[in-house]
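Asker: Chain residues, written in single-letter form:
Protein chains: 4
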Amino acid sequence: MKAVVYEKFAKAPKIMNVQDPTPEAHGVVIKVEATGVCRSDWHGWMGHDPDIELPHVPGHEFAGVIEAVGKDVKSFKVGDRVTVPFVSACGACPECHGGNHQVCGNQTQPGFTHWGSFAEYVTIHHADVNLVTLPETMDFATAASLGCRFVTSFRAVVDQGKVSAGQWVAVYGCGGVGLSAIMIANSIGANVIAVDVTEDKLALAKSLGAYATINALQVPDVAEAIKEITRGGVHVSLDALGHPTTCINSIKSLKKLGKHVQVGLLLADHATPPIPMNLVIAHELEIIGSHGMQAFRYDAMLAMIKSGKLRPDKL
Amino acid sequence: MKAVVYEKFAKAPKIMNVQDPTPEAHGVVIKVEATGVCRSDWHGWMGHDPDIELPHVPGHEFAGVIEAVGKDVKSFKVGDRVTVPFVSACGACPECHGGNHQVCGNQTQPGFTHWGSFAEYVTIHHADVNLVTLPETMDFATAASLGCRFVTSFRAVVDQGKVSAGQWVAVYGCGGVGLSAIMIANSIGANVIAVDVTEDKLALAKSLGAYATINALQVPDVAEAIKEITRGGVHVSLDALGHPTTCINSIKSLKKLGKHVQVGLLLADHATPPIPMNLVIAHELEIIGSHGMQAFRYDAMLAMIKSGKLRPDKL
Amino acid sequence: MKAVVYEKFAKAPKIMNVQDPTPEAHGVVIKVEATGVCRSDWHGWMGHDPDIELPHVPGHEFAGVIEAVGKDVKSFKVGDRVTVPFVSACGACPECHGGNHQVCGNQTQPGFTHWGSFAEYVTIHHADVNLVTLPETMDFATAASLGCRFVTSFRAVVDQGKVSAGQWVAVYGCGGVGLSAIMIANSIGANVIAVDVTEDKLALAKSLGAYATINALQVPDVAEAIKEITRGGVHVSLDALGHPTTCINSIKSLKKLGKHVQVGLLLADHATPPIPMNLVIAHELEIIGSHGMQAFRYDAMLAMIKSGKLRPDKL
Amino acid sequence: MKAVVYEKFAKAPKIMNVQDPTPEAHGVVIKVEATGVCRSDWHGWMGHDPDIELPHVPGHEFAGVIEAVGKDVKSFKVGDRVTVPFVSACGACPECHGGNHQVCGNQTQPGFTHWGSFAEYVTIHHADVNLVTLPETMDFATAASLGCRFVTSFRAVVDQGKVSAGQWVAVYGCGGVGLSAIMIANSIGANVIAVDVTEDKLALAKSLGAYATINALQVPDVAEAIKEITRGGVHVSLDALGHPTTCINSIKSLKKLGKHVQVGLLLADHATPPIPMNLVIAHELEIIGSHGMQAFRYDAMLAMIKSGKLRPDKL
Ligand SMILES: [Zn+2]
Ligand SMILES: [Zn+2]
Ligand SMILES: [Zn+2]
Ligand SMILES: [Zn+2]
Ligand SMILES: [Zn+2]
Ligand SMILES: [Zn+2]
Ligand SMILES: [Zn+2]
Ligand SMILES: [Zn+2]
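Residue numbers (this note's numbering), protein chains in the order written: chain P, 1 to 315; chain F, 316 to 630; chain V, 631 to 945; chain W, 946 to 1260.
No lab work stands behind these hints, which were simulated from the structure alone. Hints should not be assumed to be uniformly reliable.
Ranges between beta-carbon positions, derived for each pair [stated by the list, open to error]:
#1 F:Glu543 x V:Asp830: 48 to 56 Å
#2 F:Asp515 x P:Lys162: 19 to 27 Å
#3 P:Lys314 x F:Asn421: 47 to 55 Å
#4 W:Ala1213 x F:Lys629: 40 to 48 Å
Chain F regions said to be covered by chain W (calculated; three or more residues, Cβ under 8 Å) [claimed, not checked]:
#5 465-473
#6 586-598
Glycine included, C-beta positions come from ideal geometry on N, C-alpha and C.
Just chain P, same shape as in the assembly (with noise of 0.2 Å):
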């Protein structure tokens, strides 16, 4: 098959004819139809990621056909239409059992511990576990487009910020997680302030259902504007850039008793922000952290999507 290859890390990747693969017992072999990139592929090609053995094909957002099936694979066969999470579980250790695939610690990624979707064909293990069936309302253009963030938003509002109708949401940071968050948020009745330092795109995150917006670069404190808009604070609020600021002050916009959702990445030199963990205590605050999202649970976010109360196409 043909494939998008690198040979070494932060160096131009080619086009070139690879071997065809073949499906696991318990994997499938799909024919990519469409696929994404995100920053996570960036941080791969830089070598940020210790996962990646050269030489490499990327690529882990995309949606396609069943080309081949391995024999103990039971609920799915060739043919069928698919998608899949930004992690493939291995479906047999604690956290699979608990039906908790997102943090499995034998975790594999196309695109990082095996070759990924920039080419004609990708494997993924244990497919019955980690497939998803796209509805056939659905093209593959869209199912790519899912990818990793609108998916992982899905996780961070509605199973980790268990976001409940008619609270105050913060979102911090209108890059694609972020605006998903804030889609997905409004689309189950709260009410969501949007957070960035750029107006296009708190003009985005309005036209996709933000109650308000603030520009951080506008207003001498980000969180007391919030607690200022809502009379208090908000009852969730995430961080969807990944940087110790955005953290940080979205832990000060809540009132008590609220929630912080961390989404964003915070690496290297940004890993552990000092918190205001007086606050926590004195306002009985929970920090959460939230990383991709089940197979199982697409379910929900595809009868969202199915019904139109879910707009992903919008993004």
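Since chain P is already given, all that's left is putting chains F, V and W with the ligands on it; use the hints.
Answerer: Here is chains F, V and W with the ligands on its own, set in the frame of chain P:
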């Protein structure tokens, strides 16, 4: 003041001049600006409610302006625009201390335990616990029309049903409570299936956001019909009518681990329906009752009305 | 191998020589070291269970040593000391993916869907999902005696009842399931009231930690007796017997917002008891079923056995 | 009455005759029968607490008998034996309405916002919300010794930690709060690992039920030591000391999806420790604060003391 008084049960009430009320130390007198009526008023007038002493002034769904304030009231003042929940709580029993005013054992209710809102003025006890400030943008007629139905449905769907993004929800009965439940569940991301026996109401359900409707007279088995649409059953089902048939069908509509919320009252001969407990065990189903809503939980509902996510004016 | 076989329902079984089993690719063969018997075996032998095909080998409560391993099994090897839950799950259906193996729709059960543990060897399917490693300090007889009762009670009390520190808990029925529930609830900080009709069992309940006992034959109204002891009712009540009377009394024993857990099976004529739904609404009660327990949840139970907090050997 | 008064911060207090207090309408005067002292009193006396006005009478941990009752108090009368939580709540703010008195924004505290219990009499405001009736079998000294530590630990372990049967729990710091937490977690079925730097305290921890103890001075990495004992980390970890090191080690001790509860105060220079947010994301950890406990939650704690499951007298 003038008031609508009945001196015998089930006999025509009269408009009479009666003494103006004065507030208790912890209570207020409210000038009634709008008042509604519901089936509970009919039950009271028929003599089904042991709390009512004759002569009596009915009326429990209203909005108005505070006319007089008891000396111990802290959070409200003369001139405030307010409404109240179905039940007024005492604020001092174990249930109230835990925030569960809706099941207060010492509850009072204008129109039942004392004179109600079919009058120029009505009293409310324990005002700090029970009054709800109206948003400036909400008129009295809309506030009164929230009545006990919309509010009861909000608790049933949000706090007891804990309906979550992308869930399938069935609502049995498309009267005031049922239509409110449909609007609310739809507004928080659920795909709702409405069940009734009249096409008019089902059409209304559809216009309020129902994903599908079922005329119970036109299918052999409502629960089976729901399982077909949803490929296995709903996550949450509400009996908004209050009848053994709808209660039992609602339970039978659930998928494994599903939850039935009983909102419609089951009285007299209907109080103890034969519940399929064999299903409750085998599928680990949950059954839960819902009864009114606390004043402090109006905040979430009003936040959604403010941002246009809920439109009680459409009911 | 030798096995206990019955060729007709309700007829005496015989010890016969039958063919040795071989493991499925995802399964194991276990050499049985200890096996128990419970009422389910009797139901099966009487022909009440549609899954059983004749001739049949009963037995589902056992512990032993892995004799042979299918080639797809990852987490277990020959020689491992193991036991299994009441139900073996498929590991690949939506319920299994979500961690709810106890309600798997494709469940298998040695002694029911295939030959059981009254034999030298028994097979278990989907071994990675269903096997439980025995602690070194637990002998086979104790492990087999956990049977389905102790394990079922653990889920009923901990995961479904969510019994919390200092709660009042009632347990109706002091057979194997009930006594297990009493021991477990007591061990996690609840004050337990045991109900039965025989003094012997109540004495045993007391010795296992019950705070109080009630002989249902010696009080006019069990639920009232419980409300007196607890000044208002219990937080959680379990029907561990499985009878309309105990089920309904259990529900009537609850305080407001209380939870009834149905553990005892309600079969045939008893399947649909007249539940006091009027109470369920007025007091916002919760009713929930409990059915077996997932293999991965044995960890918590075994941790308590290891530290002496649970003593199944005392039952 | 006689009272212990200090007229300057950090100067020796004197026993003086001061005017007898009178109750507010919603308050009571309590004859002090036993009183305790904790680090908070020292902070107050040093001038660290902005609420204190001089001259001042310290003391906030006490038990006694009601001497006088304000006219609006409903649930208590002269002669009742009572104690109070660390914080007295107003009963009328949004947090109080929701049952979260422990984070009331209008809180009062004898010994801080007004004169305390180092006197013959002390006043408590909003008595219906804040008083706790002592069980007949509990003497005043034991009640006073519950102080703020035992009660704070109960909320931290039970309501915020939601420690569940068979979980592994770590407690950092074996002072009053930590030892209480160990006893409480052990009593609800957790296996507890106690961490401190002195052998005496660790021995005490062991005698109160700790499964294992770790002297932090004798292992290279406490979190690693905990992961070894538990084969992967604890479900819940508490920092009962209040120091950046213990806070961070506590978080690092968690298994995936684990929860850290911050109980020990982090003040001044210690208020914003560098939290490993990279772990919080990757392992979907949860961090939550805990602050006092509501009066109405004493019921659960007292039920456990009554049945001998908790023994605060052993601390
Ligand atoms: Zn991506
Ligand atoms: Zn895994
Ligand atoms: Zn009350
Ligand atoms: Zn009404
Ligand atoms: Zn059994
Ligand atoms: Zn399954
Ligand atoms: Zn307050
Ligand atoms: Zn103290």
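Asker: So, against the hints stated earlier in the document, which numbers end up violated here?
Answerer: 2, 4, 5 and 6
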